[in-house]
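**Q** Based on the hints, put chain B in the right spot on chain A.
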Amino acid sequence: MSRGFFGGFGALLPAIALVVSAQMPVAAQQAGTFKVSRTAWGDPDLQGVYTFATLTPFQRPAAQAGKDALTEQEQKELEEQLKKKQAENIATNEHFSYNALWFASDEGRPTGRTSIIIDPEDGRLPPMTERAQKLRAEMQARTAAKRIGKDQLVDTWEDISFYNRCLSRPMPRVTQEYNQGAQILQTPGYVTIFYESMHDVRTIPLDGRPHLDSSVRQWNGDARGHWEGDILVVDWTNFTDKQKSDGAAPFGGLPQGNMHVIERFRKANANTLDYIVTVEDPTVWTRPFTFYLPWRGDDPTYRGPDDLFEYACHEGNYRMMENSITAAKAVRAQAEKK
Amino acid sequence: MRRVSKTLAAAALGALLLFSTAAWAHHSFAAEYDADKPAKIQGTVKKVEWINPHSWITIDVKTANGTIETWEIEAGAPNAMFRRGFNKDSLPVGTEIVVTGYLAKNGLHRVNGRDLTFPDGRKLFMATSNPFEKEEK
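The listed protein sequences derive, respectively, from chains A and B.
Here our numbering is used: the first residue of the first sequence is 1, the next is one more, and so on.
Here our numbering is used: the first residue of the second sequence is 1, the next is one more, and so on.
Bear in mind the hints are in silico, worked out from the structure with no lab data behind them.
Glycine included, C-beta positions come from ideal geometry on N, C-alpha and C.
Among the hints, erroneous ones may be present.
[What the hints assert, rightly or not] Below 16 Å or equal to it, Euclidean Cα-Cα: the simulated EDC-like pairs (lysine to aspartate or glutamate) are: (1) B/37 with A/151; (2) A/150 with B/96; (3) B/123 with A/88; (4) A/329 with B/96.
[As the list claims (entries may be wrong)] Some chain B residues close to chain A (C-beta under 7 Å, calculated; not the full set): (5) 30; (6) 39; (7) 51; (8) 80; (9) 83; (10) 85; (11) 89; (12) 90; (13) 94; (14) 95; (15) 104; (16) 105; (17) 106.
[Stated by the list, open to error] Chain A residues, not near chain B, derived (Cβ > 12 Å throughout): (18) 53; (19) 136; (20) 185.
Pulled out of the complex, with its shape left as it was, chain A reads as follows:
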């Protein structure tokens, strides 16, 4: 049964094939028999509007160590529990900052697995290299130096990450609370992926041209694709060290300049696009890791391109900067009085 999902991928990624147990998501199981339609020029047709919202955690929680997949019954129970918990969360209002009322992520569904990471086998990120540990410690020290008591201070716009400033969001996209929509468009020789969040567009050539020179570094890297049967394989490099996540999983605070990503897209059934991503960066991770995140094409709130709202995030984010900097001034003034 496991061949149903990773049958095609398995040959390419032996490590993944080993990881996958007999219990696979429903969509994945159907992949073996599903016949993807073709574009007018004969490529597998992956086009559509999708959402990659999910409630499955990126890394496997310790409580589920040794268990990689949920049975259908467990998946159902988990979904029910999550719905109930969300209603409780709104009703009781006991949530730091926002309660669940404001989140869209609860519209996501668990993937059927206990973590988005499928390799390493324990569903956890591999250990960081010494360099990465040092960088992270330095980052934590800088953050700590900007703290008075419980207050984290923002004295300048530079104390806020690129992402929180609505400028750029780290790739590959994997965990988000909202704006998890994406659209795939194909033309002869190209695949284009539009992401709702940050309205980023990746145009991926399929003609076998080489990557950009390694001296050219881009926020969203440089991607080259090709077909392996019905699977779109994308080789993604030329990222920049400027890009750092703001501490959120999976790339929290670590520079991305040496990252090399291999993405695999495959239509598993009419409504599901399997997305499997391997990330390697020997300067950050002691070994590569792979994650699996199904993109769903049948979500009623992502029916078509009109449901991918214009983002205009930076434009709308002015109060965040003002609030943060004036808050820091107020806290410093208060501290000086004491």
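**A** Below, chain B without anything else, positioned relative to chain A:
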């Protein structure tokens, strides 16, 4: 068997909730708002701004001495709210609402909106989880 899966679900849930709290972004709650200063204010809706990454609801609040104070409430991302069932008709200008949340550290009349209710205690837009549901059926 059943007990095992319940334990599993509970564990997954704990991890998920922890996860979603930690990953919330675009808005540094700790930098802007004071978790030790919860606020509850009542007023009438003056303006709703549907802007990313966070919407803002402006309300007029009548103070004890009869003057009007304007307060701004930070809300969710527009499309997150929309997908939850909140739309332009949910909060017409003049609607009276009660907001609970946390005060801004800078002393301005700003609150991080945690919960919205009508004065009689009814929650807003809780029942409708899918704005497209009617259309789809």
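**Q** Does each hint hold? Answer for all of them.
**A** Verification of the supplied hints:
| no. | hint | result |
| --- | --- | --- |
| 1 | B/37 with A/151 | holds, 13 Å |
| 2 | A/150 with B/96 | violated, 34 Å |
| 3 | B/123 with A/88 | holds, 13 Å |
| 4 | A/329 with B/96 | violated, 34 Å |
| 5 | 30 | holds, 5 Å |
| 6 | 39 | violated, 13 Å |
| 7 | 51 | holds, 3 Å |
| 8 | 80 | holds, 4 Å |
| 9 | 83 | holds, 5 Å |
| 10 | 85 | violated, 10 Å |
| 11 | 89 | violated, 18 Å |
| 12 | 90 | violated, 12 Å |
| 13 | 94 | violated, 22 Å |
| 14 | 95 | violated, 17 Å |
| 15 | 104 | holds, 6 Å |
| 16 | 105 | holds, 4 Å |
| 17 | 106 | holds, 4 Å |
| 18 | 53 | violated, 9 Å |
| 19 | 136 | holds, 15 Å |
| 20 | 185 | holds, 20 Å |
Hints 2, 4, 6, 10, 11, 12, 13, 14, 18 from the list above are not met by this structure, while the remaining hints are.
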